[in-house]
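2 protein chains.
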Amino acid sequence: MILVNGEDHACLDAHDRGLAYGDGVFRTLRSEAGEPLWWADHYAKLRADCAALALDCPAEDILRGEVGRVAVGVSGVVKILVTRGSGTRGYLPARGAATRVVMASPLPPHAVPGAPIDVRARWCRLRLARQPRLAGVKHLNRLENVLARAEWDDPEIFEGLLCDDADVVVGGVMSNVFWIRAGELFTPDLGACGVAGVARARVLRAAARLGLRARIERLPAAAILAADEVMICNSLIGVRRVARLEDKTWMPAGWTATLNAALYEDLV
Amino acid sequence: MILVNGEDHACLDAHDRGLAYGDGVFRTLRSEAGEPLWWADHYAKLRADCAALALDCPAEDILRGEVGRVAVGVSGVVKILVTRGSGTRGYLPARGAATRVVMASPLPPHAVPGAPIDVRARWCRLRLARQPRLAGVKHLNRLENVLARAEWDDPEIFEGLLCDDADVVVGGVMSNVFWIRAGELFTPDLGACGVAGVARARVLRAAARLGLRARIERLPAAAILAADEVMICNSLIGVRRVARLEDKTWMPAGWTATLNAALYEDLV
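Residue numbers (my numbering), protein chains in the order written: chain Z, 1 to 268; chain D, 1 to 268.
Treat the hints with care, as some may be off.
Pulled a few chain D residues facing chain Z out of the computed Cβ check, cut under 7 Å [unchecked claim]: (1) R69; (2) Y91; (3) P93; (4) V101; (5) V112; (6) R130; (7) Q131; (8) L140; (9) L143; (10) V146; (11) L147; (12) W152; (13) L245.
These are computed hints drawn from the structure, not numbers from a lab.
Even glycine gets a Cβ: it sits at the ideal position worked out from N, Cα and C.
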């Protein structure tokens, strides 16, 4: 089922600014037997991302109701899009008239329960451009991710890691990256580019609960190679261990299971 | 009328990658009594932009036929979008199954015949991020343009000029920029960001015919302030003279009319 502004449509106005300009934001979340996982976090992030683009965020009760309608009984993926709606032609944004799209789909194979915790990654050649005005926001301008993901089709490679044009590590094509080095947790600063995902925020909160010092920094690719354990995360896959990155391999150091378990503790 | 893959729909699949990721390109062109202006140039640019994203470009005869259907008898704007279609969820692009959308709308007031040739411009605060992989391409990731256009709502300001994050001039929010200095024509190099429009290419060809030396360079904002005449152009407005930029004003030096007339000469 696809709901467009609450109506059971499968289609969208071709004038919508989400299509014309990517003028909108989105959320991808997991539902378990119809229940959206980490709903409060996802709604808070949607609200923050809407604010970053001066978009009207749909009211929580309306959106939660629509998520319930598309996800009823389903364990799968729920995707929410909020766009600036169908305004007049031209770049000038008009306030109001946001479009919301809520849809459900099955879990992709790599996210089903029992999928391997250990994954293989590669470096992407594409360098992310630095745009502080859009950094961290999960907006609909994702051509860089598409180009980066197109760099490989080997199904053995689970994720591609990206640097910005200063060769600073940003994250994965579809995930955020973390690593442990000498008992400290590192993750890239996303002030210049990248998406600050809900799973990343939950890992950082989990680290605080565990007494694990977290360092959010701009670091080169070499910092990852020197790590004791490297992890990626997102709302569909939880935390996975990067067992191999190009020719570099790591033995498990135990952090992935700890952080993945903590990710699902709802203490907040 | 809105044609989606040749059918008279007003709506689009909500799974389309054009909406999900801005995974597509577009063209905005002018039609005069149903006839698309500069068709050969627009189709060539669409084809080049599709190639830059490894998108399948619709065949020229099919697209030209659809433009004729939406523009029949109309003097207005024709917009063409080509997206990567409705693939599977996730960033990995699948080949084939492109979606094409062709639609017509009335000319905006600033583009109707008789609109003033002299316009006023401002500098935008937003700095364009540099992404060589997407530079020049008129793709659907246009949030920077939306944010830049949102910086002003004074209807007296026709256009905002943009620099990249190295403070190098790139162009206007909806136009390309040119200037004359000491008998030479200058326009920004678009190897790092910006859209290389069809009108820009036609101005450069016109300059060659007129024996006007064109210099395509990375230059700071100060270079514009030192110009003898500053112009902006796009396919809807032709060439317009920037009579005022913030507090700086210019008297006409005659180049705008010359280049605008040359723009409409179909010698190629």
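Structure-based check of all given hints:
1. R69: Because about 15 Å separates D/R69 from the closest Cβ in chain Z, which is outside the 7 Å limit, the hint is violated.
2. Y91: D/Y91 check passes; min Cβ-Cβ to chain Z is 4 Å, inside 7 Å.
3. P93: Nearest chain Z Cβ about 5 Å off; hint holds.
4. V101: holds, 5 Å
5. V112: violated, 14 Å
6. R130: holds, 6 Å
7. Q131: holds, 4 Å
8. L140: Because about 6 Å separates D/L140 from the closest Cβ in chain Z, which is inside the 7 Å limit, the hint holds.
9. L143: holds, 5 Å
10. V146: This hint holds: D/V146 lies near chain Z, its Cβ roughly 5 Å from the closest one there, short of 7 Å.
11. L147: With Cβ-Cβ at 6 Å, under 7 Å, it holds.
12. W152: D/W152 check fails; min Cβ-Cβ to chain Z is 9 Å, beyond 7 Å.
13. L245: The hint is violated - D/L245 has no Cβ within 7 Å of chain Z, the shortest such distance being about 19 Å.
Violation of the numbered hints given earlier is confined to hints 1, 5, 12 and 13; the remaining hints are satisfied by the structure.
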